[in-house]
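Number of protein chains: 2
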Amino acid sequence: MDCFNVTILGCGSAKPTLRHSPSAQVVDFRGNRFLVDCGEGVQVGLCRSRVPMGKIGHIFLSHLHGDHCLGLTGLISTLGLGQRTGEVVIHGPADTERIFSPLFKFFCPDLSMEVRFAPFDTTQSCIIYEDHALIVRTIPLHHRVPCSGFLFEEKQRDRHLLPDRCEELGIPIAYYQGIKKGMDWTDPESGRVVANDLLTTPGERGRKYAYCSDTIYAESVVPIIEGADVLYHEATYTHDELAKARQRGHSTALQAAQIAQKAHVGKLVLGHFSAQFLTAESEQPLLDEARSLFPNTVLANEKMTIEIGLE
Amino acid sequence: MDCFNVTILGCGSAKPTLRHSPSAQVVDFRGNRFLVDCGEGVQVGLCRSRVPMGKIGHIFLSHLHGDHCLGLTGLISTLGLGQRTGEVVIHGPADTERIFSPLFKFFCPDLSMEVRFAPFDTTQSCIIYEDHALIVRTIPLHHRVPCSGFLFEEKQRDRHLLPDRCEELGIPIAYYQGIKKGMDWTDPESGRVVANDLLTTPGERGRKYAYCSDTIYAESVVPIIEGADVLYHEATYTHDELAKARQRGHSTALQAAQIAQKAHVGKLVLGHFSAQFLTAESEQPLLDEARSLFPNTVLANEKMTIEIGLE
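The listed protein sequences derive, respectively, from chains A and B.
When you line the first sequence up against the numbering used here, it's residues 1250 to 1560, in that order.
When you line the second sequence up against the numbering used here, it's residues 1250 to 1560, in that order.
There's no promise every hint is true.
Copies of the same chain look alike in the list, so a pair counts if it works inside one copy or between any two.
[Stated by the list, open to error] 20 Å max Cα-Cα, derived PhoX-like pairs, lysine-lysine:
| # | residue 1 | residue 2 |
| --- | --- | --- |
| 1 | K1429 | K1354 |
| 2 | K1511 | K1429 |
| 3 | K1264 | K1493 |
| 4 | K1404 | K1430 |
| 5 | K1264 | K1304 |
| 6 | K1264 | K1354 |
| 7 | K1304 | K1552 |
| 8 | K1430 | K1304 |
| 9 | K1429 | K1404 |
| 10 | K1552 | K1404 |
Hints listed in this document are in silico derivations from the structure and should not be mistaken for laboratory results.
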């Protein structure tokens, strides 16, 4: 199947540790790389995971807390040092351009490519990227500042042609592409209409990846991420620190699992771990807690690549 | 002897690699920590080298290229999350406040400590920090933007008292401190003056550490850094890339050695390596080149701590 995966570059939270980098990940959809959040050290993460930086055309910032965006100026600067041309689009909340544009002007005035800011409204779900095969939608989240997650949604895939049937009917090959898209076939001579489902079988459904960080427990995301193959959801704390999580606008591992369960996702990836979790052992309670409700859960880790929809 | 050392947190140049972090180092003078440059990833470097972040009171920025200062906002944000109170002083070229003040206001509006900007003139050598035992002076450098190095200069140490001589003369202990500072002793009864050098032997000379990054070859630094125990000098390229070095405002390893030799420093530490040097082997030519002129040369490396003046 065509490539669709996500590589975690950073899954820590604001306070830096030697275990985790701040938030950043790369979605690879059929060779196009989309950067999701851009914490400090993102470039090292890209190098470490051997992601070709030059392939990044769109950067999505969930919100303007430093641990999600302070790697941006350095990254843009490096991208603009090379032979990179064309455009890099930065999707982010309203203030993104106001904050970063002066930095780009000061630190990297001679970029080899264009940078365009594409602000989005964090209060409603909207399509912020679309091409022939992929849609990216925002997922309104509830944090201390305007914040959105992102849903990467593969479009419905082409129907599968039944070639024997088409040949039998003498359909010219030039029509196959349209038939795969769902068109019926009308014989130009006889005027006879053959319904598409006699010529094809259904294509695979589009795969979906949902990114939800940072947020309090918010059931409002459920209908948007319904049926996602993979959900990355923040789980900054265990549930015994629920009060702290709420106060800081974060979720617990159990709450992440509740969202995963309600949205019938395929797999849950926990991330955005508090700096108090300094070892694999100390993170185990986050995993145990989530798995008690939603068994197909894993802990994010730097360099991990998760295939979307292969299970 | 009292502690005086420098720990390298980053000695790479602008383009990130897995081998080196961008420029940052910590000078530890008798337990006070001074941060010199503040590239992205500085916080991880501080964690890795177990430098207590809370002890950093002064940050010195040589110039406003991203690889020397883009870690600042994250660091200030983290410092201000804790119980840190008092003041953090950021010494930098004129534009430092204009660029960073809006970032601090946006990303870390609720700092637990004060941040004060202390701009300096990069065109002349001036004292930018002084306490009872240490002076920090700027070293005007020549780069593509206003840029200064820093000279950390221990003040002349107290003279050593000859206690037998002082006792013999019946000098009250209350006068010892002044005598160690160089005062003569006048007997209040007889009016007899005893010259200080009969009561003391000379104290050790003050130790000096010089930081010169980024700069073209500039002999103007020589009188300022004359006799430094340790000189950290950028050596972005080997001498066969002299033209590129000049064009980009950088030095070669041989040029760093020339400066070290002319200034009669004790030891040369090469740093700010181009991203083309990806292995220890590939950096060896830089070392060989410098050592051909100045044998007591080492290559900087992250986590390396260099004692100042113990040789």
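Hint check results:
Taking identical chains as interchangeable, the C-alpha atoms of K1429 and K1354 are never at most 20 Å apart, the minima being 48 Å within one chain and 55 Å between chains. For the identical chains of this complex, K1511 and K1429 are neighbours neither inside a copy (34 Å) nor across copies (77 Å), given an alpha-carbon limit of 20 Å. Taking CA atoms no more than 20 Å apart as the test, K1264 paired with K1493 passes inside one copy only; the shortest distance there is 15 Å, against 39 Å between copies. For the homomeric pair K1404 and K1430, the shortest alpha-carbon distance inside one copy (12 Å) is at most 20 Å, but the shortest distance between copies (81 Å) is not.
With identical chains, the CA atoms of K1264 and K1304 are at most 20 Å apart between copies only, with a shortest distance of 17 Å across copies and 29 Å within one. Taking identical chains as interchangeable, the C-alpha atoms of K1264 and K1354 lie at most 20 Å apart only when they sit on different chains, with a minimum of 18 Å there against 28 Å within one chain. Within a single copy, K1304 and K1552 get their C-alpha atoms as close as 18 Å, which meets the 20 Å cut-off; across copies the closest is 33 Å, which misses it. When the C-alpha separation of K1430 and K1304 is checked against a cutoff of 20 Å, the pair qualifies neither within a copy, at 29 Å, nor between copies, at 65 Å.
Taking the closest pair of Cα atoms, K1429 and K1404 come within 20 Å of each other only inside a single copy of the chain (14 Å); across copies the shortest separation is 82 Å, beyond that limit. Neither within a single protomer nor between protomers do K1552 and K1404 lie at most 20 Å apart by alpha-carbon distance, with minima of 27 Å and 49 Å respectively.
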